[in-house]
Amino acid sequence: DVKVTQSSRYLVKRTGEKVFLECVQDMDHENMFWYRQDPGLGLRLIYFSYDVKMKEKGDIPEGYSVSREKKERFSLILESASTNQTSMYLCASSLQGRQYFGPGTRLTVT
Amino acid sequence: RKEVEQDPGPFNVPEGATVAFNCTYSNSASQSFFWYRQDCRKEPKLLMSVYSSGNEDGRFTAQLNRASQYISLLIRDSKLSDSATYLCVVNVWANAGKSTFGDGTTLTVKP
Numbered sequence: 435d436v437k438v439t440q441s442s443r444y445l446v447k448r449t450g451e452k453v454f455l456e457c458v459q460d461m462d463h464e465n466m467f468w469y470r471q472d473p474g475l476g477l478r479l480i481y482f483s484y485d486v487k488m489k490e491k492g493d494i495p496e497g498y499s500v501s502r503e504k505k506e507r508f509s510l511i512l513e514s515a516s517t518n519q520t521s522m523y524l525c526a527s528s529l530q531g532r533q534y535f536g537p538g539t540r541l542t543v544t
Numbered sequence: 003r004k005e006v007e008q009d010p011g012p013f014n015v016p017e018g019a020t021v022a023f024n025c026t027y028s029n030s031a032s033q034s035f036f037w038y039r040q041d042c043r044k045e046p047k048l049l050m051s052v053y054s055s056g057n058e059d060g061r062f063t064a065q066l067n068r069a070s071q072y073i074s075l076l077i078r079d080s081k082l083s084d085s086a087t088y089l090c091v092v093n094v095w096a097n098a099g100k101s102t103f104g105d106g107t108t109l110t111v112k113p
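Top to bottom, those sequences are chains A and B.
Numbering (the numbering used here) for the first sequence: 435 to 544.
Numbering (the numbering used here) for the second sequence: 3 to 113.
Take the hints with a grain of salt, since some may be wrong.
[To be verified] Keeping only pairs whose Cα atoms sit at most 27 Å apart, straight-line, the calculated BS3-like set for lysine-lysine is: (1) Lys489/A - Lys452/A; (2) Lys44/B - Lys491/A; (3) Lys489/A - Lys112/B; (4) Lys81/B - Lys489/A; (5) Lys452/A - Lys44/B.
No lab work stands behind these hints, which were simulated from the structure alone.
All values reported here derive from a predicted model rather than from experimental measurement.
Start from the sequences and build out the full structure, keeping to the hints where you can.
If you want it as structure tokens, here you go:
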């Protein structure tokens, strides 16, 4: 079974803090993704990566950056957290179009 | 207009009922299609792929209509445990990583 893990299930940060969310997959998938999910807005793609050190902007990249130094690890960085970044963050990896999600990190920015 | 559209529901059905969800997509170049299931406060999980000829997995049947650009999911003999949100997912390229998700249809199965 594919396993995607995320560094935290719940996180509380203050406005202005730099926040790191980490995601690790164990199936050697080339593609990895970061989404946020908010009630009524569905899943929105923030960034994705199709190879080490490669990244592409998704639909809502503003306020976020990413890092992919190793194939199995994809990090999402909130440079200066704001309250409108309070959300559920979901990481995924994919193979042949099928996406496999981590359990999510529920981030609250106060 | 959204690239992938679903009726948000909610669909409230009794146990044992048959229920069907539809999903329309706007990009005629779309190549691969999936249904995911998401339980409350959990991550989405792949339910089944959707093939051109239609496919079945137990009580679940998925169909694709390329001419009309929609896919469907039929659930027969609904169980309480089928209560979840069902997400329609479309990829423009068959093996491409990037997917477009619908906003989901919520199903509640009642005793």
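So, going through the hints one by one against the coordinates:
1. Between Lys489/A and Lys452/A the alpha-carbon distance is near 20 Å, which keeps this suggested pair within the 27 Å criterion.
2. This hinted pair checks out: Lys44/B and Lys491/A have alpha carbons roughly 25 Å apart, not beyond 27 Å.
3. The suggested pairing of Lys489/A with Lys112/B is violated, with an alpha-carbon distance near 44 Å, which exceeds 27 Å.
4. Among the hinted pairs, Lys81/B with Lys489/A is inconsistent with the structure: their alpha-carbon atoms are about 42 Å apart, more than 27 Å.
5. Straight-line distance between C-alpha atoms of Lys452/A and Lys44/B comes to about 26 Å, which keeps the hinted pair within the 27 Å bound.
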